[in-house]
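Peer 1: Given next are the chains, with one letter for each unit.
Number of protein chains: 2
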Amino acid sequence: MYAGRPYTQQHNHQYQPPPPGYGSRPPHHSHHQGGFAYQTPQGPPAGADPQLWQWFTAVDADHSGSISVNELQTALVNGNWSRFDLDTVKMLMGMFDVDRSGTINYTEFAGLWKYISDWQNVFRHFDRDRSGSIEGHELTEAFRSFGYNLAPSLLTLVEHKYAQASEPSVGYGPPPGITFDRFVRACVAVKSLTEAFQRIDTDRDGWVQISYEQFMSIVLAAP
Amino acid sequence: MYAGRPYTQQHNHQYQPPPPGYGSRPPHHSHHQGGFAYQTPQGPPAGADPQLWQWFTAVDADHSGSISVNELQTALVNGNWSRFDLDTVKMLMGMFDVDRSGTINYTEFAGLWKYISDWQNVFRHFDRDRSGSIEGHELTEAFRSFGYNLAPSLLTLVEHKYAQASEPSVGYGPPPGITFDRFVRACVAVKSLTEAFQRIDTDRDGWVQISYEQFMSIVLAAP
Numbered sequence: 001m002y003a004g005r006p007y008t009q010q011h012n013h014q015y016q017p018p019p020p021g022y023g024s025r026p027p028h029h030s031h032h033q034g035g036f037a038y039q040t041p042q043g044p045p046a047g048a049d050p051q052l053w054q055w056f057t058a059v060d061a062d063h064s065g066s067i068s069v070n071e072l073q074t075a076l077v078n079g080n081w082s083r084f085d086l087d088t089v090k091m092l093m094g095m096f097d098v099d100r101s102g103t104i105n106y107t108e109f110a111g112l113w114k115y116i117s118d119w120q121n122v123f124r125h126f127d128r129d130r131s132g133s134i135e136g137h138e139l140t141e142a143f144r145s146f147g148y149n150l151a152p153s154l155l156t157l158v159e160h161k162y163a164q165a166s167e168p169s170v171g172y173g174p175p176p177g178i179t180f181d182r183f184v185r186a187c188v189a190v191k192s193l194t195e196a197f198q199r200i201d202t203d204r205d206g207w208v209q210i211s212y213e214q215f216m217s218i219v220l221a222a223p
Numbered sequence: 001m002y003a004g005r006p007y008t009q010q011h012n013h014q015y016q017p018p019p020p021g022y023g024s025r026p027p028h029h030s031h032h033q034g035g036f037a038y039q040t041p042q043g044p045p046a047g048a049d050p051q052l053w054q055w056f057t058a059v060d061a062d063h064s065g066s067i068s069v070n071e072l073q074t075a076l077v078n079g080n081w082s083r084f085d086l087d088t089v090k091m092l093m094g095m096f097d098v099d100r101s102g103t104i105n106y107t108e109f110a111g112l113w114k115y116i117s118d119w120q121n122v123f124r125h126f127d128r129d130r131s132g133s134i135e136g137h138e139l140t141e142a143f144r145s146f147g148y149n150l151a152p153s154l155l156t157l158v159e160h161k162y163a164q165a166s167e168p169s170v171g172y173g174p175p176p177g178i179t180f181d182r183f184v185r186a187c188v189a190v191k192s193l194t195e196a197f198q199r200i201d202t203d204r205d206g207w208v209q210i211s212y213e214q215f216m217s218i219v220l221a222a223p
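Residue numbers (the UniProt record's numbering), protein chains in the order written: chain A, 1 to 223; chain B, 1 to 223.
By construction, these hints were calculated from the structure, which means they are not laboratory data. Please note that a few of the clues may not be correct.
A pair holds if it fits inside one copy or across any two, identical chains being indistinguishable in the list.
[What the hints assert, rightly or not] Listed below are the simulated DSSO-like cross-link pairs for lysine-lysine, each with C-alpha atoms no more than 30 Å apart in a straight line:
hint, residue 1, residue 2
1, K114, K191
2, K191, K161
3, K114, K161
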């Protein structure tokens, strides 16, 4: 049997934790108070940050008062101007669409904005060579810092799976690095898969007994 | 313990099997024979199909003689003109770049073309309402026909995970359906995950004992 510590979560080596609540849904705050059903959104809510409201209205291209998956995908770009993958955008919508309306309102947008800003800081920290993407050794350092003790073979799999292919790679050299949006998705995926595994591994020995349906539902629920 | 048959593979109800070799790498045929190292590609190989050569040169936008990930992504569109996801393109490259050059040559392109054409027929067959996307019941029918006995909850997860979000969804109605490229990826992913599980489940009871590293490597290797 495997005797190692498959997922150490010691925090002593961490430079900087991932954004708070990384990978989990924010708590549901809003309560429907009744009122006009057809309230035309015309201005910022009381107390709204003017700059954030400005960004919100810019992303809300059709001026509907809330942001759709497509509007969000159009607005989000990586450092190399590539668009965020649909899967990353859907993951973010799933995390921040607190009222399950299918769109992002201003309050939800504020949470999303903070989350992305926090991840941008994490990304910049680990992109040591300022290349705009996370390469193999930077990825290794990031996961080690987050407390995930992934075997080198797993890190290689993450590196290849989430690598952008923004330039024609000639031959099989190292993969071309992971851009911002795919880095966030890789981190959230590893976290959610590891936590799902740990929930079943109650004796913490790194092994689980798992059914086909459990296995498939964990995998399909991960981003 | 689970007594059902978690992954029946009976073939009696299949209308049409997925493309041959679906999800697996084609065998390696080419052998390097030596010769000029800098051979400029100027015309079709002997015996090449003229139409296929025409398509190949159209996709090879920089006329390098082979197709990069980016050229392939630019060339592949769904019925609604959306681009193929990078992950689908990388999956196809991984399957058809037989000589591991990082690009697709004409011979490899012929295999890829056939594979996509076969999948287009499968897609058209299951898109009963000719909507250009596979909706929930069409997806259920497709997986049943392929011989995968997925529980309804798993089919719902597949439906949501691979759904395109091409229109702003208002509220949480049914997901907007799965476009061609994501349908292929969903089918290849379910197949590769199921086969990886089955390889460990030697007594075929639908349960496995699996380590964290095995679990993560199966998941990260799937498209």
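Peer 1: Determine for every hint whether it applies to the structure shown.
Peer 2: Right, here's what the structure says about each hint:
1. For the homomeric pair K114 and K191, the shortest alpha-carbon distance inside one copy (20 Å) is at most 30 Å, but the shortest distance between copies (38 Å) is not.
2. For the homomeric pair K191 and K161, the shortest alpha-carbon distances inside one copy (16 Å) and between copies (18 Å) are both at most 30 Å.
3. Proximity of K114 to K161 under the C-alpha cut-off of 30 Å is found in both arrangements, the shortest distances being 27 Å within a copy and 25 Å between copies.
The structure meets every hint from the earlier list without exception.
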